[in-house]
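> Sequence:
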Amino acid sequence: EQDWACPFQKVWQKHMVGVPRYKDFDAWQLAEAFKKEVFRLVRHSPGASRNFKYRDQLREAAGGISKHIAEGYLRCAPLEFAHFLDYALGSLAEAEERLGDGVELEYFSEPDCREAFRFAKRCTVATGRLKQSQLRYAEQLRLQKRLPPGRRPKAPPQKGRDQPDARRARLGSDEPPTN
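The sequence shown maps to residues -3 to 175 in my numbering.
Simulated from the structure, these hints should not be mistaken for lab results.
It cannot be assumed that every hint is accurate.
Unchecked claim - Straight-line alpha carbon distances no greater than 25 Å define the calculated DSS-like cross-link-like pairs of lysine-lysine that follow: (1) K32 x K19; (2) K117 x K19; (3) K117 x K63.
Turn these sequences into a full structure, and let the hints guide you.
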């Protein structure tokens, strides 16, 4: 079952063999696990829950990671996807920093955050590798000068016996020129 539409779906899915949906990426799944763990930590911390600014910033950063991965994937273009993966990595770094701030502010204990930091580390690696794969694919497309279906340049006609030569074409006749 497809829950999205992409104008270049066939080309994109051919590249994304085995990953027909963004939810199937390890990076997205790890981002979701990190988000849920952060939300759990905030929910169980009276101090973090009462500091509305801190709580909202941490939740927004943690929730943005998987959203950026999804949005980038649905752009159906490797360079745009890589760009959104950069946003995801930025949100992940921000959430990790805010979580560390929560430990310093004694909203959380370090052992309580261990699982969240573990998910963050794994998500960083998976997202970085996914980004590199998209950059390699974009370079491959550039080298092949391959465009999505419907946008491929037409091959120039090859000159052969059946094709008029340039002089005949300029004269507007398929008749052999007379000297």
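> Hint numbers the structure violates, sorted upward?
none
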